[in-house]
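Take the given structure of chain A and dock chain B to it, following the hints.
Each chain, letter by letter, is given below.
Protein chains: 2
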Amino acid sequence: MSYEIRVELLGLGDELLLGLRENSHLVHIGDKLAERGLEIDYAQVVKDDPEEIKRFFSESWSRSGLVITTGGLGPTADDITRETVSEILGLPLVFNDEILAHVEKRFERSNKTMPETSRKQCYVPEGAEILLNQFGTAPGLFVQKDDKLLVMLPGPPRELQPMLQNQVIPKLEELGILHDSESYVGFRTAGVGESSLEERLDEITEPIDGLRVAFCANQGLVDVRLSSDDHERLPLERLKEIGHECRQALGHDFVSFGHPSLARVVFRTVRSLEKTLAVAESCTGGLLSNSFTDIPGISKVFAGSVISYQNDTKIQLLDVPDVIIQQHGAVSAETAVAMATGAAERFSADYTLSVTGFAGPDGGSRAIPVGTIYIGYCSPVGVWSQKVVFHGDRQSIKRRATTAALDWMRRKLFKYKAEELVASGVDAD
Amino acid sequence: MSYEIRVELLGLGDELLLGLRENSHLVHIGDKLAERGLEIDYAQVVKDDPEEIKRFFSESWSRSGLVITTGGLGPTADDITRETVSEILGLPLVFNDEILAHVEKRFERSNKTMPETSRKQCYVPEGAEILLNQFGTAPGLFVQKDDKLLVMLPGPPRELQPMLQNQVIPKLEELGILHDSESYVGFRTAGVGESSLEERLDEITEPIDGLRVAFCANQGLVDVRLSSDDHERLPLERLKEIGHECRQALGHDFVSFGHPSLARVVFRTVRSLEKTLAVAESCTGGLLSNSFTDIPGISKVFAGSVISYQNDTKIQLLDVPDVIIQQHGAVSAETAVAMATGAAERFSADYTLSVTGFAGPDGGSRAIPVGTIYIGYCSPVGVWSQKVVFHGDRQSIKRRATTAALDWMRRKLFKYKAEELVASGVDAD
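In the order they appear, the protein sequences are chains A and B.
Numbering follows this note's numbering, with no gaps: position 11 of the first sequence is 11.
Numbering follows this note's numbering, with no gaps: position 27 of the second sequence is 1027.
There may be inaccurate statements among the hints.
Below, simulated BS3-like cross-link-like pairs (lysine-lysine); rule was C-alpha separation at most 30 Å, straight line [as the list claims (entries may be wrong)]: (1) A:K54 - B:K1148; (2) B:K1112 - A:K387; (3) B:K1148 - B:K1112.
It should be emphasised that the hints constitute simulated quantities derived from the structure, not laboratory data.
With the rest of the complex left out, here is chain A (with noise of 0.2 Å):
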């Protein structure tokens, strides 16, 4: 694959370059264009100055087939793309009609007239494609002109991202630029370093001319990206099969194909089980719970938590019993199994899975020091503990955690399976 086209991407805003902002359109569009077979060669963050505008995207335009711009569309003074962009491709700006109706009647819907300045936003370069915004003002655009392309995206995600999806991605795939299916095998991993993975890997990666393996390590997960450099030697077909053979090897450290989070892949599998599940939780704080209710019609089978920030709560809430906290202390494999089970009992869950440590920075002891996490888990075949030790700031060991407990049960889960659906009375297949 690899379109013979040069992509650059051009981010505008002060506010990118003072830290005021996380840019996250290059992670979005990266990947929304890899999936399609498309990759960016080059992305830069030019501030709202006209003559560094005109600089460098002069230079982007000039070096490449494809040029994306975001942000700087907006009614503001310091909004100045269109301007600058519209005197570089030697194309005047002509007011648009369709643009004026869509930012009136947007201001109309919450009962406010339109100020002036938001005229500013109606004018575009002539011959421009207007890519109308739904959910905010500045439209975007598509220009092509010297057998070139020109995009031109708004700032806030919101209104970017499904204008790239409904509008810009469609068009491209008409102009024969992406793919018409997806063009990369993804796969996660978990429990595995990034260079003890790709050693493991090698044996089969390795011997495939033209393949390309990328990895990108993320707490305590790697994802890893199959693609091919020829698209008629190596075809997705032969991609998906080079990905079935990394999945054999790598075993229960295979979590899933795509990218789904491991709490997606724990909630497939207890809805396939029709089971529910439940949570208790101390020093991860909601943040095992979150990741659940994150996912879209979780509440089939996510029946609820507690976070246990005290030992009464603990007591109270999740019937742990008292002399076990006086005997083991709060953070002990003990107490999480306790907990797991009271939330299993209280919440009527078949499955439950409880986190209890110290997160620091302060709490823990020299025995039981902070980054000393207990997971508890409990499922119709049994209870469970395991320790785990991390360092680094309350944060990280908190999605470090989060991270450990999710993976123990997911690796549980698919481990005792079929044990459970016998246990459970319903047939394993």
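Relative to chain A, chain B alone:
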């Protein structure tokens, strides 16, 4: 302020362009430098290709007084920054024993032998200062040449961030490139849109020559940054005064100087009252609790939380009367209030915040559509409920509802602080 030095950032790595990994360096480095009066003028992301690195690095080096690179310093084959850059600077690579000792020690500590490929990391451009990496093997580099500065930092944020803070910033300070104290005044507002905030502040800020005002809106909050074009005429002290005038003008819409989370502002107030706090949440599913538990030291005031995804849970763990849910529904002002009072009792907490609503995409009805949220709040002086409606996807509704609940509690706390101090027998100050 604004030193007369052009600053450019150059990020390296295919994974950033393929959408495999978020580039979080720009926002982090941008903020850290701006805090001390140095603004990034331009940023770019370049792929791991020697020709591309050569081209874009040399252009950047010729334009700028300070270039900061991120990534590409590792031991693998695609880490070629060191080689390419030293070629352009005309500085030969020399082997550095200090780095070797450091890398070997790190491998020893984890009982591994250093692989031969890691020797690559021990070569540095002649004359470069080494920035030892506390959290990884790849050292950072600090090069002064032709009255210009080059800072090369490793890619992983947990390696880059401490190196920037502890080694790079002190060096830039010593060289007089950074102010030795903070050089802007930032504050956070809530409940006002960006454009009407700008209007309200114009009266104060517009007459002041040389004052720069930057806005950044995010999830219902707007951050404002006041900085100065001329440090002599508008010193930090004057910026602080202007900040205080803005605070007066904004009343309760002013959240705080700096940019603490709303949860932190609420936490500080509750802690100053020596009271405790609990949460009962349904549709926000742990996000509200999690925003509290991200705060170090929260365990002093936070008792815990119940996440009640089902009516049974609301009834059994929060003592919401069955009849209230029957009569008014689970998404109603009455249920929100009952959840808040139930949690207050169960957790023996002085303050409780509750949220119930439909985050979608399913659920809801014609009368109570997806996005409808009821917030409940219970304090020593009373119980309240408020309805809010948001549009967007599930995660965005969860975030907006969490922000709304926290901001509402913040306003209530602020308004009733004196009364509550009296009610609870503490002398009001």
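Hint-by-hint comparison with the structure:
Straight-line distance between C-alpha atoms of A:K54 and B:K1148 comes to about 25 Å, which keeps the hinted pair within the 30 Å bound. Only pairs whose Cα atoms come within 30 Å are accepted, and B:K1112 paired with A:K387 is accepted, the gap being roughly 24 Å. For the suggested pair B:K1148 and B:K1112, the alpha carbons sit about 39 Å apart, so the restraint of at most 30 Å is broken.
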